Every structure is written in C-alpha cells, then in structure tokens.
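Enquirer: Chains as they are written, first to last, in numbering that gives the first Met the number 0: chain A, 0 to 351; chain B, 0 to 351; chain C, 0 to 351.
I should point out that these hints are in silico values taken from the structure, not numbers from a laboratory.
One should not assume that every hint holds.
Lysine to aspartate or glutamate pairs mimicking DMTMM-like chemistry, simulated, CA-CA at most 20 angstroms apart [as the list claims (entries may be wrong)]: (1) C/Lys229 x B/Glu322; (2) B/Lys3 x A/Glu322; (3) B/Lys3 x A/Asp205; (4) B/Lys229 x A/Glu322.
Using C-beta positions, here's what the derived DEER-type ranges look like [unchecked claim]: (5) C/Gly183 x A/Pro162: 43 to 51 angstroms; (6) B/Gly101 x A/Asp171: 35 to 43 angstroms; (7) C/Val187 x A/Ala177: 28 to 36 angstroms; (8) B/Pro192 x C/Leu87: 26 to 34 angstroms; (9) B/Glu299 x C/Asp135: 35 to 43 angstroms; (10) A/Gly331 x B/Leu15: 55 to 63 angstroms; (11) A/Ala280 x C/Phe283: 25 to 33 angstroms; (12) C/Leu87 x B/Gly101: 38 to 46 angstroms; (13) C/Asp330 x A/Gln133: 49 to 57 angstroms; (14) A/His239 x B/Glu238: 23 to 31 angstroms.
Note that this is a predicted model, so its numbers are computed, not measured.
We treat Cβ as the ideally placed atom computed from N, Cα and C, and that holds for glycine.
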Amino acid sequence: MGTKTNPGNYFEDFALGQIIQHATPRTIRGGDISLYTALYGSRFALGSSDTFARSVGLPSAPIDDLLAFHVVFGKTVPDVSLNAIANLGYANGRFHQPVYTGDTLTTSSEVIGLKENSNGKTGVVYVRSTGTNQRDETVLEYIRWVMVRKRDEASPPPTPQVPELPDAVSLDQLIVPAELTLVGYDDVAAGSPHRWDDYEAGEKIDHVDGMTVEEAEHMMATRLYQNTAKVHFNQHTEEHGRFGRRLIYGGHIISLARALSFNGLANACRIVAVNGGRHVAPTFAGDTIYAWSEVLECNELPGRKDVGALRIRTLAVKNSSCESFPDKGNDGNYEAGIVLDFDYTVLMPRRG
Amino acid sequence: MGTKTNPGNYFEDFALGQIIQHATPRTIRGGDISLYTALYGSRFALGSSDTFARSVGLPSAPIDDLLAFHVVFGKTVPDVSLNAIANLGYANGRFHQPVYTGDTLTTSSEVIGLKENSNGKTGVVYVRSTGTNQRDETVLEYIRWVMVRKRDEASPPPTPQVPELPDAVSLDQLIVPAELTLVGYDDVAAGSPHRWDDYEAGEKIDHVDGMTVEEAEHMMATRLYQNTAKVHFNQHTEEHGRFGRRLIYGGHIISLARALSFNGLANACRIVAVNGGRHVAPTFAGDTIYAWSEVLECNELPGRKDVGALRIRTLAVKNSSCESFPDKGNDGNYEAGIVLDFDYTVLMPRRG
Amino acid sequence: MGTKTNPGNYFEDFALGQIIQHATPRTIRGGDISLYTALYGSRFALGSSDTFARSVGLPSAPIDDLLAFHVVFGKTVPDVSLNAIANLGYANGRFHQPVYTGDTLTTSSEVIGLKENSNGKTGVVYVRSTGTNQRDETVLEYIRWVMVRKRDEASPPPTPQVPELPDAVSLDQLIVPAELTLVGYDDVAAGSPHRWDDYEAGEKIDHVDGMTVEEAEHMMATRLYQNTAKVHFNQHTEEHGRFGRRLIYGGHIISLARALSFNGLANACRIVAVNGGRHVAPTFAGDTIYAWSEVLECNELPGRKDVGALRIRTLAVKNSSCESFPDKGNDGNYEAGIVLDFDYTVLMPRRG
Chain A
0 MGTKTNPGNY FEDFALGQII QHATPRTIRG GDISLYTALY GSRFALGSSD TFARSVGLPS
60 APIDDLLAFH VVFGKTVPDV SLNAIANLGY ANGRFHQPVY TGDTLTTSSE VIGLKENSNG
120 KTGVVYVRST GTNQRDETVL EYIRWVMVRK RDEASPPPTP QVPELPDAVS LDQLIVPAEL
180 TLVGYDDVAA GSPHRWDDYE AGEKIDHVDG MTVEEAEHMM ATRLYQNTAK VHFNQHTEEH
240 GRFGRRLIYG GHIISLARAL SFNGLANACR IVAVNGGRHV APTFAGDTIY AWSEVLECNE
300 LPGRKDVGAL RIRTLAVKNS SCESFPDKGN DGNYEAGIVL DFDYTVLMPR RG
Chain B
0 MGTKTNPGNY FEDFALGQII QHATPRTIRG GDISLYTALY GSRFALGSSD TFARSVGLPS
60 APIDDLLAFH VVFGKTVPDV SLNAIANLGY ANGRFHQPVY TGDTLTTSSE VIGLKENSNG
120 KTGVVYVRST GTNQRDETVL EYIRWVMVRK RDEASPPPTP QVPELPDAVS LDQLIVPAEL
180 TLVGYDDVAA GSPHRWDDYE AGEKIDHVDG MTVEEAEHMM ATRLYQNTAK VHFNQHTEEH
240 GRFGRRLIYG GHIISLARAL SFNGLANACR IVAVNGGRHV APTFAGDTIY AWSEVLECNE
300 LPGRKDVGAL RIRTLAVKNS SCESFPDKGN DGNYEAGIVL DFDYTVLMPR RG
Chain C
0 MGTKTNPGNY FEDFALGQII QHATPRTIRG GDISLYTALY GSRFALGSSD TFARSVGLPS
60 APIDDLLAFH VVFGKTVPDV SLNAIANLGY ANGRFHQPVY TGDTLTTSSE VIGLKENSNG
120 KTGVVYVRST GTNQRDETVL EYIRWVMVRK RDEASPPPTP QVPELPDAVS LDQLIVPAEL
180 TLVGYDDVAA GSPHRWDDYE AGEKIDHVDG MTVEEAEHMM ATRLYQNTAK VHFNQHTEEH
240 GRFGRRLIYG GHIISLARAL SFNGLANACR IVAVNGGRHV APTFAGDTIY AWSEVLECNE
300 LPGRKDVGAL RIRTLAVKNS SCESFPDKGN DGNYEAGIVL DFDYTVLMPR RG
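Isolated chain A, as found in the complex (with noise of 0.2 angstroms):
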C-alpha cells in the first residue's frame, strides 16, 4: 500500500546524467487550435490556414510553435517542478519539426547540471527537456533551471555542475523545417507588407494592443497543456499564499505577447529559437498585458534566399502602454510593470 500521490521530486532525487521519461503523452486536437485562438487571438497565417500552409510547402497548418511547447513542457512540471520555488530561465531552446494535428507529443528530460545554495535548504537544477512525436522525431528542446526544495537539509550536496550555456542559438543550429519555402509567401494573406529586408537591429515596435486576463482563461490556458504546477488553480490555498491570489502560468504571458507581437510582427511566421527568457514580475487576473519588442540581430540563412531569421526580444509590460518601450536600466533592475523579457529568433520572408 503506501502513499499513491505524486509528492514530487526534491533536490536529492536528481543525479546528473539521470533521464526523466515524462507521463501522460498528447495527441494534438483540431480543437486545441482552436481554443488557443480563443485563448489568445493569434492571426500568424501560417498557424491559422491550411491553405497558407501548403503555399509554404507544409502539409497543413501546424499548431502554434508556442502551444507546441507548453504541451511539452506541461509534461516536466510533476518530475521536475512541483517543488520548485522558483523558474529560473531558459536557454538553448530549438524547434525541430512543425506539429500538426494528429501528432503524439510525449517529453523526455536529461538532468545536465546540479549545484546546491549556499543555504543547504535548496539547489538548481538545469534539465535539457525534449519534446518528441509519435514517429520518434524531435518536435523541440530547451534548457531549463529551477530552484527546487531539499526534502532533507541534512542531505549532503552533490558536486557542482553547471552547464555551459549559450546567449543565443547560433546560427548554425537553427532549423528551418524541411519543406518550408517562403518564395511564394503571400504579403497580403500574411497581413502585412513588411519582410526580412524591412527590418533592422536595433529598431524597436510597440505592438499597441492591450489584452486584460481573466481567472478562467489562463486556467483553462495552463489546463489544456496538463501543466499541474498548483498556484495557478488553487485561490484557497493561494489566498493564504506570497501573492493573495492565483498566480498567471509564464508561458501564458509568452503567449499573449507573441500574439499582440503581430501588430509589428506579423511575418514572424515561424519561431525557431528560445534563446532566453525570464519572468521579471508575476502577473495576475485583471491585469493587462501590452507588448513591445527589440530586433536584436537580422541573419540570412546559409544558402537561403526565400527566408531569414530575426533575433527579437520581446517585452510584456503590464497595465501600461509600451510607448516609451520600457525596459532594464543601466542598473540592471527593470521597470516597474515589466513582467516578461524574452529573447527568441524567428523565421521571416525575404524579399528574395
């Protein structure tokens, strides 16, 4: 007999080289489509039609490169993150194959590096998670660390480990899919003029729109991946908690910045790198979250003339308007209202 519950893994379970083979895998709905629209109002074309697809040389729509890695990263949080106290960033992120409807996603982590605090009650831990279809193809992969709970401050620490991590994907490690040829891309469908050649480093859009969050939507956000971290679902226990209130899933924000990004942004149609990222603030239901990004680096593409990549750092700003673009100070400390800095690289047409 025993206990049956999942108690979750502290920091003593985890051992350097150990892979996590992740429960619960997910076929992928017409209807998560569709609800991630609702929940967010994405209109990137590629995502939205299946004949904008096939005119890119993809078999039909695939899913939003964003819902793609909530499912996969949903599937980490009872292994990896259910006593953790904090999300500390993300690196090294690479989206392989599109997902499509249809697809089994199922999530596999390699724990790649380990150091307790100095406090003995905690340690980092870094994991390599990768998300995989149903023929056994990498769908994507990113590096994560946390901060997770000793379940014994007594335990001895491990030997340190920390891994080596990238500021960026370099350009050689992004991947475009196979079959996608943006020479046919249509500017007009796509809803904006503005290609690869149109954009430079250093030039900053705001994206305008606001978008406030309800209760019921970022929960039935963060159900849909089966993403089970307790904060976001329980107002009984969280009344009680650091916040007063349920807290907002990140990876929700991510998404609503990346929609409200098409007002700027709206041939970014394809994200291909997670170079970074960081929760800068915690959001919560009522707030509204506004939007605006950086281009950090304009790439071509070895032997591509069709399509080049964008490196963007995108911002969430909550409950004001991005027209003064605000961001970290000199100082390093951000801006009052900041909640997201989120460093990724897309894939953009050129003009050819």
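Fit chains B and C to the known structure of chain A by using the hints.
Expert: The following block gives chains B and C in isolation, referenced to the frame of chain A:
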C-alpha cells in the same frame, strides 16, 4: 524602417470601388464547433449532428451560420473598422455555401458608398464584404456601414455616394443550399413539432431563457473570430473610456439571441439572409441576455414543398425577461433594456 | 399557432413504461476533447493519447467517460428535469462502447418508476436513460430519479411504482470494451507505478490538489453538454433565488473530482460503472474543489489477468483540504464542505 504596426484606415483612405483583400485566411476546425457550442449552448440539430445533416442531404454538420458570419466579419475589422466610431448597420446579407470543418475562409470587401459627415471630422463608409472558401465559392456576403474618423479634418470630402439598400433580401435572392432537402426532416431529433406551416406573420414568441455573460466568454468568442477591435479586450484603457468597461462584441449578442431562440424556433435550421440589424445599446459582462422574436413574413419558396422561409425579427434584451415583448415605441425609441434588433430569414421544414 | 416554447414535462406527463426519444443528436469532435482537457486538466493517458490507446487495443483515444456521460445526460434535461426540484440519485450506471470523435450520440429514456409525494405537489420520476451511438450501439445507460413538480395539484396520483435499485452494479454486469487489453500497459506513460494489485479495500487516498471554479468555466462546460437547466446560467433570476447565485451543474464537480483523482488513481483508466451518486451540497463559482477516495472493493474480472476492477468512492469537498478524509458521520450526516459522494467502478491494469 518606419512604423510596422497597422494604424487602420481613416475615412480618406477609402475610395469608391476599392477592393480590399483582408488578411488571415482561417481554416475551420472541429474545435470551432465545440467552442461555439460551449459559448452559446446552441442546439440546432443540423449543426450539432453529422447524422442529422446527412438525413437532410448535407455531407456533414455545417458550422453555425453565425460562426461563419463572425469569422468572415472578423477579418474586415483591421481594415474597415479599426478607426470606426460606430457600427451603423447591416443590410442585404446572404448565405451561400454552408461551411464545413476543413474549409478555409477569406474575406474581401468592396467600398460601395462614401459620405462625409457635416462636422467634417468623420464619414460613413459602406462596404460589401464577401466570405469565400478555399474553392473560391462564396459562403456569405453582406453590406455594412460604419462611421470612421478622418485622419485630417482639412482633407477634402469625396463626392457623396450612398448605395440603395433593400429593406430585406428579396425572396428570389435567397439561396437554399443545393443538396439540402428537408423531406425526411426528423422533428423528434430536432426537438420541436412546430414547422413552417405552424407559424404566422405577427406571431410573437418569448424565448423564455436568460443567459448571463462573463468577460472570459465574450473575449474568448471574439478572439476565436480573430476580431481585433480593441474595446472588447482592454480593461486598462476602457476603464477610462465611455463606459468604464470592456464592451461586448455585438455579434456575441446575436449568437446568444439565436441560441436562445431555439426555444420556440428549434426548426429554424438555416439562416439564409440578414435583412438588417441594429445594436441598440451596449452590453457588458454580468448582463443577462433574454430574447423574443416576431414572425414578420411566412414565405413559400419557388418549387419547394419541403422547405419554406420565415422572416424573423429577434430582439435581445438585457436584465429583463421578454414576457411583455419589449419593443420599439411609436416614437421610434426602444424600450429600456433592448440591446439588439435583428431582422433575418431562416429556412424551416414544411409539412409537405 | 399556440405556444411554441418547451414547457418541460410535469409529474402528470410521465407514464410508466413511457419511452422518450430526446432531441439533439450530438457528434463528438476533437474539440470536445480539447475543451474537456481545458476545463478539468484531465491527464488519464488513455483519453489523452492516440498512441497510448492503440497500445491497449483501442483504435484511438476515446473521449473521457464522464464527457460521454454528460452529453448523454444533457439531452434528458429538457424532457425529464426542466421542472425538477431536485436530482435525487443515480444507480446502475454502466458504460458499454467507448465513444470516439466522429461518433454521434443520442439518448432515450424509459420511465421505470413513479411515486407521488405525500404533499400532493410533487412526485418522484425514475428513468433509465440510454445513450446510443450512430451504429445503434449502447454507449452507456443509467437510472436517475428526480423530484418533479405537478402541473395541477388536483390531478390524481399514479399507482406508485418504485423500481428495485442495486447498491452497486454487479461484477458480471461490468463491460470491458471488447478490444481493450492491458497486457502492454505502460506505467511510465500513464504516470503511476500503482496497479490494481497495489490497492486494497478500505484504503483512503487524499488527492491533495484543489481547483477553484469560475463562472465562465462551469457555464461553458454545461453548455458544451447542451444541458439547458436554467439555474446554471441566469444570474438575473438566481440572484433572487434560493442561493442568490448560479448553481454549478453537479456533473461539473464529478468531472473535477475525477480529474483530481489522477493523483493517486492514475491507472484507473476506464469507468465501467456508476453505482450511485449524491450531490450532497451545492457548489458555486469561487469554490475550490478538493477530493479524496476510498477503495471499496478490489475485484478480479472473470477470465482476465491483465485487468481488474476497483470499486471506488470519491468525495469532493469545497474550500477545505481532504487530509482528514471528511466523511459521512455515523448519524448519516455529511461533514461540512462535502459536496459529492460518488460511488463508481474503474478498470485498472494488473501485474499479470
């Protein structure tokens, strides 16, 4: 470089005869049907059941006619009404091909009328919008006119041109889907014994039930339609706006009223025309919507014994039951609480 | 002419042996699975993954057993319980064929018992409701009894007839889906190492997690099931009603409790019987639902080494954790906070 965000069109940007191809082709998924059901509770058998649809000659259950309308309409917002002050009316709406899952919808609009207002600050734009599927078949079309801001008050007015608008779509303009035959129509499955023959002009029906609307619901609906009108989503700005709150998309109320009308009009299986419509007053989250209908006309359809047309006027009322059939008074003013006056034509099985 | 709206049936309208064919056949879509996941966060691998379903012999992931139940149940509301005062109980619920996307469900009910109450104002109606797919295969059946208003207190009472109801579905009445084989059941994918062999009668499991319910969520769920009971949707009338608020559909709580029970019963892969169920107290938006379960019986199934049956009793509790296993006292009264006492039987893989 320059701004990459969409500022929307101002009154000066429209020219008579101009054709606008709207962005964001949208493939319809089974999930759209599920979400539409979850949002409105629609029970019309034709849209609920593939077996029922096949029993009346269709290949499978078409999506709700109003879901098709909202998707087609949503695409026009970024080009037509982003700078609109008011949505003034609809006319001459006709439904052509039913829409099925897997269909991809696009919308184009033709500017068919322009008239600057005497204040010199705004003008009225008339557009005929046409929704098309992936086979270039028209799925629906309608005329809409909106009041739009001028960018510059000093710009010269266009030659005024106001299209002639019919009071109602004429009988010979109604389209019965080619395959549809109601000979074997199953009243029991459909939920009502009342057929076309049982209705008469002047008849009033209180649809009895009321439905309270939540913020999460109308926002999810409006995003599902990829409708980007800002007033529906942003509490941070709307709290300082005219109403102090987010405004519910008028189409959400049309869909609620239609779903409520099942109780009394269960066999109104297909909308074939929108003759006109007026959003009489705004609605907000927390409002409870009731509806009643008046039968305006009962028309035979040429060459058909299986199906007839009913011209219906459905009024939606907030926070008050419709037992007393609240209406427009002789002075042309609507009774308090009325939020929608919608004039449309439906198909209904005949006794044969 | 005459009224066209559905007044529902009153006690006098039911006759022993009467068969009611309920309206609104409903085709199940992939979107129903997505929405169900978004509403409850269900993680049972069988319903989540086509690949997992195929590994146990099914053609694809069936929809959640309770989603099938709610859809079948919803159809009975307009005929059976529109004028009901109370939903008194369930018995003898049996699940036959799994339901897949593309299946179309219909429901019929037989009146199997009638008993007027001594007050002469109400009576109890017993119905056996049967859900059927498009091949006329039974998908599930159950007995329900409800207290219904009389239309006219003066109408004579029927001869009382109360059906004999089993305490539980007997073992030989349980149906294991024909193709299902748990020989190759994957514990890792399913998320728990605990199989049928590891449970014992009397064992109690606190499912730990809590889930707060929002108005938008329970209303979307209840509409998804096309359940039209007025008390769930209309704040305008309910604010003057017994509770001052919209009441949450009892089935929503059953589904939440089942989803929460994953944490401790992850391998309870299929519900085969509903032995009984009682909605002990009402729930409202803002309530946080917790659950715990007691194993009532562990039964082998004739001729099967791969799968066994567990009879489970799951209690849902609002706004209080279940650490102390709140229960019915010896006096027959339930401890405060308990909202559901649900007795059902599940299949679980054996060690073989």
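Enquirer: Does the structure keep lysine 229 of chain B and glutamate 322 of chain A at a Cα separation of 20 angstroms or less?
Expert: Satisfied, since the Cα-Cα distance of roughly 16 angstroms is no more than 20 angstroms.
Enquirer: Holds or violated: lysine 3 of chain B and glutamate 322 of chain A, Cα atoms, limit 20 angstroms.
Expert: holds, 14 angstroms
Enquirer: How does the Cβ-Cβ distance of valine 187 of chain C and alanine 177 of chain A compare with 28 to 36 angstroms: does it lie in that range?
Expert: holds, 31 angstroms
Enquirer: Indicate whether the distance between the beta carbons of alanine 280 of chain A and phenylalanine 283 of chain C respects the range 25 to 33 angstroms.
Expert: holds, 32 angstroms
Enquirer: Evaluate the given range 23 to 31 angstroms for the C-beta pair formed by histidine 239 of chain A and glutamate 238 of chain B.
Expert: Given a distance of about 29 angstroms, which is inside 23 to 31 angstroms, the answer is holds.
Enquirer: Does the structure keep lysine 3 of chain B and aspartate 205 of chain A at a Cα separation of 20 angstroms or less?
Expert: Holds, at roughly 9 angstroms.
Enquirer: Does the hinted range 35 to 43 angstroms hold for glutamate 299 of chain B and aspartate 135 of chain C at CB?
Expert: holds, 37 angstroms
Enquirer: Using the Cβ atoms, figure out if glycine 331 of chain A sits within 55 to 63 angstroms of leucine 15 of chain B.
Expert: Distance hint for glycine 331 of chain A, leucine 15 of chain B holds at roughly 57 angstroms.
Enquirer: Between glycine 101 of chain B and aspartate 171 of chain A, does the C-beta distance stay in 35 to 43 angstroms?
Expert: holds, 38 angstroms
Enquirer: If I claimed the Cβ atoms of aspartate 330 of chain C and glutamine 133 of chain A lie 49 to 57 angstroms apart, would that claim hold in this structure?
Expert: At roughly 54 angstroms between Cβ atoms, glutamine 133 of chain A and aspartate 330 of chain C fall inside 49 to 57 angstroms, so the hint holds.
Enquirer: Lysine 229 of chain C and glutamate 322 of chain B were given as a pair; does the straight-line alpha-carbon distance stay at or below 20 angstroms?
Expert: holds, 16 angstroms
Enquirer: Quick check: does the Cβ-Cβ distance between glycine 183 of chain C and proline 162 of chain A fall within 43 to 51 angstroms?
Expert: violated, 36 angstroms
This entry does not satisfy hint 5, going by the numbered hints stated previously; all others are met.
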